[in-house]
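Heads up: the protein sequence lines correspond to chains A and B, in order.
Mapped onto this note's numbering, the consecutive letters of the first sequence carry residue numbers 1 to 421.
Mapped onto this note's numbering, the consecutive letters of the second sequence carry residue numbers 1 to 421.
No lab work stands behind these hints, which were simulated from the structure alone.
One should not assume that every hint holds.
Copies of the same chain look alike in the list, so a pair counts if it fits in one copy or across any two.
Below, in silico cross-link-like pairs of lysine-lysine (DSS-like), each with a Cα-Cα straight-line distance of 27 Å or less [what the hints assert, rightly or not]:
1. Lys421 - Lys387
2. Lys294 - Lys193
3. Lys34 - Lys387
4. Lys200 - Lys294
5. Lys421 - Lys214
6. Lys421 - Lys107
7. Lys105 - Lys34
8. Lys387 - Lys294
9. Lys403 - Lys387
10. Lys421 - Lys111
11. Lys294 - Lys214
12. Lys200 - Lys403
13. Lys83 - Lys200
14. Lys294 - Lys247
15. Lys387 - Lys83
16. Lys105 - Lys375
17. Lys390 - Lys111
18. Lys325 - Lys403
19. Lys325 - Lys214
20. Lys214 - Lys107
21. Lys294 - Lys421
2 protein chains.
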Amino acid sequence: MQFANNPTLRSWLTVPENSDFPIQNIPFGIFRTKELSPRVATRIGDTVVDLQSLAEARFFADLEAPVEAFAQAVLNPFMALGKPVTNAVRNRIAEIFSGTPDSGKQKLIHKALYALQEVELLMPVNVGDYTDFYSSREHATNIGTMFRGAENALMPNWLHLPVGYHGRASSIVVSGTPVHRPKGQTMPAGAEKPVYGPSKLLDFELEMAFVVGKSSELGTPVSTAQAEEHIFGLCLFNDWSARDIQKWEYVPLGPFLGKSFASSISPWIVTLEALDPFRISGPEQDPEVLPYLKYEGNRRYDINLEVQIQVEGQEAKTISRSNYKYMYWNLFQQLAHHTVNGCNINTGDMCASGTISGTTLDSYGSMLEISGGGKRSLTMPDGSERKFLKDGDTVIMKGFGEKDGVRIGFGEVSGKVLPAK
Amino acid sequence: MQFANNPTLRSWLTVPENSDFPIQNIPFGIFRTKELSPRVATRIGDTVVDLQSLAEARFFADLEAPVEAFAQAVLNPFMALGKPVTNAVRNRIAEIFSGTPDSGKQKLIHKALYALQEVELLMPVNVGDYTDFYSSREHATNIGTMFRGAENALMPNWLHLPVGYHGRASSIVVSGTPVHRPKGQTMPAGAEKPVYGPSKLLDFELEMAFVVGKSSELGTPVSTAQAEEHIFGLCLFNDWSARDIQKWEYVPLGPFLGKSFASSISPWIVTLEALDPFRISGPEQDPEVLPYLKYEGNRRYDINLEVQIQVEGQEAKTISRSNYKYMYWNLFQQLAHHTVNGCNINTGDMCASGTISGTTLDSYGSMLEISGGGKRSLTMPDGSERKFLKDGDTVIMKGFGEKDGVRIGFGEVSGKVLPAK
Numbered sequence: 001m002q003f004a005n006n007p008t009l010r011s012w013l014t015v016p017e018n019s020d021f022p023i024q025n026i027p028f029g030i031f032r033t034k035e036l037s038p039r040v041a042t043r044i045g046d047t048v049v050d051l052q053s054l055a056e057a058r059f060f061a062d063l064e065a066p067v068e069a070f071a072q073a074v075l076n077p078f079m080a081l082g083k084p085v086t087n088a089v090r091n092r093i094a095e096i097f098s099g100t101p102d103s104g105k106q107k108l109i110h111k112a113l114y115a116l117q118e119v120e121l122l123m124p125v126n127v128g129d130y131t132d133f134y135s136s137r138e139h140a141t142n143i144g145t146m147f148r149g150a151e152n153a154l155m156p157n158w159l160h161l162p163v164g165y166h167g168r169a170s171s172i173v174v175s176g177t178p179v180h181r182p183k184g185q186t187m188p189a190g191a192e193k194p195v196y197g198p199s200k201l202l203d204f205e206l207e208m209a210f211v212v213g214k215s216s217e218l219g220t221p222v223s224t225a226q227a228e229e230h231i232f233g234l235c236l237f238n239d240w241s242a243r244d245i246q247k248w249e250y251v252p253l254g255p256f257l258g259k260s261f262a263s264s265i266s267p268w269i270v271t272l273e274a275l276d277p278f279r280i281s282g283p284e285q286d287p288e289v290l291p292y293l294k295y296e297g298n299r300r301y302d303i304n305l306e307v308q309i310q311v312e313g314q315e316a317k318t319i320s321r322s323n324y325k326y327m328y329w330n331l332f333q334q335l336a337h338h339t340v341n342g343c344n345i346n347t348g349d350m351c352a353s354g355t356i357s358g359t360t361l362d363s364y365g366s367m368l369e370i371s372g373g374g375k376r377s378l379t380m381p382d383g384s385e386r387k388f389l390k391d392g393d394t395v396i397m398k399g400f401g402e403k404d405g406v407r408i409g410f411g412e413v414s415g416k417v418l419p420a421k
Numbered sequence: 001m002q003f004a005n006n007p008t009l010r011s012w013l014t015v016p017e018n019s020d021f022p023i024q025n026i027p028f029g030i031f032r033t034k035e036l037s038p039r040v041a042t043r044i045g046d047t048v049v050d051l052q053s054l055a056e057a058r059f060f061a062d063l064e065a066p067v068e069a070f071a072q073a074v075l076n077p078f079m080a081l082g083k084p085v086t087n088a089v090r091n092r093i094a095e096i097f098s099g100t101p102d103s104g105k106q107k108l109i110h111k112a113l114y115a116l117q118e119v120e121l122l123m124p125v126n127v128g129d130y131t132d133f134y135s136s137r138e139h140a141t142n143i144g145t146m147f148r149g150a151e152n153a154l155m156p157n158w159l160h161l162p163v164g165y166h167g168r169a170s171s172i173v174v175s176g177t178p179v180h181r182p183k184g185q186t187m188p189a190g191a192e193k194p195v196y197g198p199s200k201l202l203d204f205e206l207e208m209a210f211v212v213g214k215s216s217e218l219g220t221p222v223s224t225a226q227a228e229e230h231i232f233g234l235c236l237f238n239d240w241s242a243r244d245i246q247k248w249e250y251v252p253l254g255p256f257l258g259k260s261f262a263s264s265i266s267p268w269i270v271t272l273e274a275l276d277p278f279r280i281s282g283p284e285q286d287p288e289v290l291p292y293l294k295y296e297g298n299r300r301y302d303i304n305l306e307v308q309i310q311v312e313g314q315e316a317k318t319i320s321r322s323n324y325k326y327m328y329w330n331l332f333q334q335l336a337h338h339t340v341n342g343c344n345i346n347t348g349d350m351c352a353s354g355t356i357s358g359t360t361l362d363s364y365g366s367m368l369e370i371s372g373g374g375k376r377s378l379t380m381p382d383g384s385e386r387k388f389l390k391d392g393d394t395v396i397m398k399g400f401g402e403k404d405g406v407r408i409g410f411g412e413v414s415g416k417v418l419p420a421k
């Protein structure tokens with residue numbers, strides 16, 4: 001167990017009850033203030049810690065973590081240092097902020113602290129390539145049943161490989177960025193020709209994404225066992241989807257403009273190591289998978305997920321509670337499959353899980369599923385009905401694991417739907 | 001007409017007959033030598049011109065083109081200067097190397113010249129996002145007929161929008177880079193379970209790609225008229241494809257590992273401006289396209305394309321002659337469609353055309369089409385037969401336009417197939 005993971009550690013910084021960010025978390029992100037240029041940070045409770053400042057004060061000088069890796073507008077150079085270094089930095093941060101503060105260094109440390117509300121959190125990663133998987137059996141079954149009936153819900157390949165597709169990296173934005181309803185081409189039911197206009201079926205997809213730390217070489221697969229070394233950490237991921245655009249465009253080459261207008265991520269990348277306590281076994285995979293997709297140990301994660309919709313001027317309403325454990329294919333299998341053909345991965349690449357749906361209506365990860373393809377409505381606090389998203393709605397996703405009295409979470413990813421431009 | 005396009009210009013550098021690189025071309029690329037770090041270059045005849053060196057000698061000092069834009073391992077910073085600057089640099093280069101050499105500056109200029117065989121050409125662009133379209137009607141019809149019969153060859157959306165999908169940027173490599181036959185999961189005909197192993201149906205796809213120069217803002221579409229300002233130039237593109245992997249994986253979310261093991265590009269990016277003389281009208285688009293896909297003027301390009309296969313130790317054999325004019329959707333429509341939902345584009349993004357097939361067997365752009373899905377064979381110079389590619393085969397693609405006695409070309413993109421690792 002890493003030092004930082006010790007459940008008995010307590011920080012001398014204030015950590016509110018039920019915070020996602022106790023001393024055992026120590027995620028990484030990027031912030032700036034009016035005075036400070038963008039830089040690498042972590043968060044403890046509601047305090048943002050300027051790691052560039054700590055690096056300049058030589059707190060990491062013995063760890064092969066140069067100041068330049070922290071004085072950056074993205075985490076890529078820091079992540080590229082490799083896990084031996086980044087984990088050592090995480091443990092050092094746990095040392096600095098747990099136990100009794102070192103009085104000789106108090107001033108230097110306090111200079112690095114900012115209240116969360118004082119800072120602006122930025123997009124943490126420069127995403128080179130972004131891939132979206134489709135790995136929740138419940139989600140694939142729900143969608144497949146809608147399109148092809150219950151008997152043909154899963155395509156023949158689905159139980160043999162983690163189906164995925166390339167997505168658009170340029171339009172991934174950080175939590176808090178509003179999203180304009182996209183315009184595009186759709187074919188209304190019964191129409192003879194397609195029409196152009198704002199999407200009428202705007203949706204979210206509840207996902208998690210992993211971020212690549214260590215790159216791989218073109219031509220060299222990464223095995224399920226090696227994958228751990230390459231995956232830096234995870235974040236929440238809202239894969240905004242325009243269902244009407246997607247439906248008309250996606251045959252035969254897959255989703256394109258129905259997704260590429262925006263995806264939103266939570267600002268803190270929680271390391272794989274911080275999530276260690278939440279590993280669980282399974283699920284059983286039948287039929288048996290090919291050898292390159294086999295894995296050892298507990299490789300799913302028990303992470304509670306929640307989706308809320310906040311209508312303008314109203315309280316947010318929780319409309320779904322799901323869990324990252326509803327993955328038939330785990331992230332190590334996803335990465336092994338992604339690279340089995342020799343495809344190389346680079347620091348900063350992002351792979352999303354696909355929509356994470358549970359087994360019941362109140363655990364589905366998209367409005368498409370919750371509304372049964374537009375057949376059912378949700379009633380919002382102001383009495384209005386929702387089959388899909390309306391302008392002014394804010395979608396908020398949250399996630400955390402909890403074990404031995406320690407809660408490690410992601411904070412949230414939120415995004416408000418603005419009218420089409 | 002730009003100065004550099006003047007067909008009467010002649011360079012004082014030697015330009016071999018039928019060279020793709022007369023003084024009217026002036027493409028941009030990246031090279032290095034044993035002594036020199038990677039830097040921006042152009043090519044005239046078989047001479048590579050070190051533009052960093054010319055910039056340092058202040059040949060571009062009055063053009064808002066700083067030396068740093070040339071002292072780079074990729075063209076992105078140069079392209080990001082914008083067309084007013086990059087076109088001015090292109091014209092300045094044409095001035096320097098046409099007419100009578102300026103005797104006062106001879107020494108500085110000669111210091112910047114390298115024989116092609118002395119230098120190593122590098123991947124010219126850092127590709128952020130890569131998109132592959134599917135815009136040759138002949139290709140889509142050929143493939144559709146194979147999969148669904150002649151009557152359902154084109155999907156209902158095909159004549160209404162340029163179908164495209166996101167591809168993998170990390171595995172795009174420069175001409176000359178060998179490509180290992182990928183391994184992966186396939187479902188052999190009649191088998192009950194999928195198998196893992198080297199692809200048996202390795203193919204090329206003859207494509208061209210455009211490179212984005214000027215970025216756009218998230219949420220703001222680029223119109224067909226504005227697209228010209230954003231497209232820096234073009235190159236040849238070999239979209240290597242493993243047909244057996246692709247066939248098993250691609251439903252319902254599109255091509256993934258069947259393509260992501262490698263794509264190859266030619267090393268010189270030929271500017272859109274250099275290709276001006278080869279603009280042609282058409283094709284007629286029926287049904288009428290939606291207003292956002294309409295365009296004015298001549299927007300297709302008459303560029304001859306050729307595919308050769310070279311069996312080890314043999315002469316290369318030309319197996320297809322096609323033309324970039326076989327695009328139903330032109331590149332300006334492709335970019336307008338790509339961004340109509342607000343998707344942003346960044347400097348260095350690459351969009352490939354999709355396989356460019358003509359109307360006859362000897363103009364098809366892939367072995368899948370040439371062999372009729374494996375039903376017909378090509379005979380190679382050594383007597384061996386080809387339905388798909390064999391280990392040791394080198395695929396070579398070439399392209400050029402010719403008008404008023406001026407030939408502007410792309411050189412070639414070549415790649416040798418190595419055995420699976």
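Any of the earlier hints contradicted here, and which numbers? When the structure is compared with the hints, numbers 3, 6, 8, 9, 10, 12, 13, 15, 16, 17, 20 turn out to be violated.
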